[in-house]
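Colleague: Given chain A's structure and the hints, the job is docking chain B onto it.
Number of protein chains: 2
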Amino acid sequence: MVIKMKVNVGISNRHVHLNDEDYKLLFGDIPLTKRNDLTQPNTFASELTVTITGPKRSIENVRVLGPNRSYTQVEVSKTDSYSLGINPPVRNSGDLDGASEITIVGPKGSITRNAAIVASRHIHVDKRIRNEHNLEGIEMVSVKINGEKGGIINNVYLKDSDEAYFELHLDTDDANAHLLNQGDEVEILIN
Amino acid sequence: MVIKMKVNVGISNRHVHLNDEDYKLLFGDIPLTKRNDLTQPNTFASELTVTITGPKRSIENVRVLGPNRSYTQVEVSKTDSYSLGINPPVRNSGDLDGASEITIVGPKGSITRNAAIVASRHIHVDKRIRNEHNLEGIEMVSVKINGEKGGIINNVYLKDSDEAYFELHLDTDDANAHLLNQGDEVEILIN
Chain A
1 MVIKMKVNVG
11 ISNRHVHLND
21 EDYKLLFGDI
31 PLTKRNDLTQ
41 PNTFASELTV
51 TITGPKRSIE
61 NVRVLGPNRS
71 YTQVEVSKTD
81 SYSLGINPPV
91 RNSGDLDGAS
101 EITIVGPKGS
111 ITRNAAIVAS
121 RHIHVDKRIR
131 NEHNLEGIEM
141 VSVKINGEKG
151 GIINNVYLKD
161 SDEAYFELHL
171 DTDDANAHLL
181 NQGDEVEILI
191 N
Chain B
1001 MVIKMKVNVG
1011 ISNRHVHLND
1021 EDYKLLFGDI
1031 PLTKRNDLTQ
1041 PNTFASELTV
1051 TITGPKRSIE
1061 NVRVLGPNRS
1071 YTQVEVSKTD
1081 SYSLGINPPV
1091 RNSGDLDGAS
1101 EITIVGPKGS
1111 ITRNAAIVAS
1121 RHIHVDKRIR
1131 NEHNLEGIEM
1141 VSVKINGEKG
1151 GIINNVYLKD
1161 SDEAYFELHL
1171 DTDDANAHLL
1181 NQGDEVEILI
1191 N
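As you go down the protein sequences, you meet chains A and B in turn.
No gaps in the numbering here: position 59 of the first sequence is 59 in my numbering, and each next residue is one more.
For my numbering, add 1000 to where a residue sits in the second sequence, where the first one is 1.
Extracted from the complex, chain A is given alone in its bound form (with noise of 0.2 Å):
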């Protein structure tokens, strides 16, 4: 038995987390002012924006999301990454484990730290949610994404928070290898 629901898309470009310590080091005393609200309560886009920069070449314009973590982590897709010459691992974000080395540039200093990875594909929920779409003790999901270049995708994982809304986030390769626009209605399949 399949069981199906709907859950719209947010689509998440390339983007830097930085712990306190990190902030201080690249943009010292400039306060971390936010440009616009994210769909996930408490997270907003900065007006702040940095140089990513691996073995090959540079990104520059990348967002600094906030507020500030306990950990610094950029997020990149697999074409950034050939890009930036660099081969990050697919991780839950808060997991660095074998992240890839990359310098952060900001207007006050630049730092080096084993800090990229590919996001995982990732459904935010919380207690409520869980509850209301009977979710409960589900760790993986695989989404069916309808259209021209549709498809199923696996090894979706459900991503607790205290307070989440609920949305599937893709890195914007599983969005454009989909031709997914942000807010696009999807399917969650549940063996």
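If you are wondering where the hints come from, they were derived from the structure by calculation, not from laboratory data.
To spell it out: a stretch of chain A is covered by chain B in this simulated footprint if at least three of its residues, at any positions, have a beta carbon under 8 Å from a beta carbon of chain B; those stretches are:
1. 70-80
2. 151-162
3. 174-185
Chain A is nowhere near these chain B residues, computed Cβ spacing over 12 Å in every case:
4. Glu1136
5. Asp1162
6. Ile1190
In silico DSS-like cross-links for lysine-lysine, where the CA-CA straight-line distance does not exceed 27 Å:
7. B:Lys1159 to A:Lys144
8. B:Lys1004 to A:Lys144
9. B:Lys1056 to A:Lys56
10. A:Lys159 to A:Lys127
11. A:Lys4 to B:Lys1144
12. B:Lys1144 to A:Lys6
Glycine is no exception: its CB is placed at the ideal position from the N, C-alpha and C atoms.
Modeller: Below, chain B without anything else, positioned relative to chain A:
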């Protein structure tokens, strides 16, 4: 019943096919010299590149493939198209219905054509291959991809030619979204 068979992946980066007239406008008397053979019989990557320009941005070093065809066609990924600022349709090679306007710049001149498409996912076949793999009469299949970012891609066309090398051709978005490398083995699914 699902019939399964293996096929290897060939990844197509952005590239250009030219007709003789447009070739002449871009390159004049410069010969279309071969850099390396491609896997499909009698096709090659040439030593030549062009710049392609959309309303938003240009992409340099786009490879010209040979031999020339009866039509000029620019194959880009969806990611490229955002960069260029165009919105090309998904089309089988040679079908330029609704293709996006794009400017192609060569050393001797530039041309603007309704020539940009995102190529459909396709598998190269010929009579022998269709016979050998029981693919007679089949127009479209799905393909299963294993791995950390695996899944199933739909709408994969079987593309006939007189003499083909049996291979699944994907653009860089599909390849990178699924972490595929040139030559990787995937599985054709036929319902």
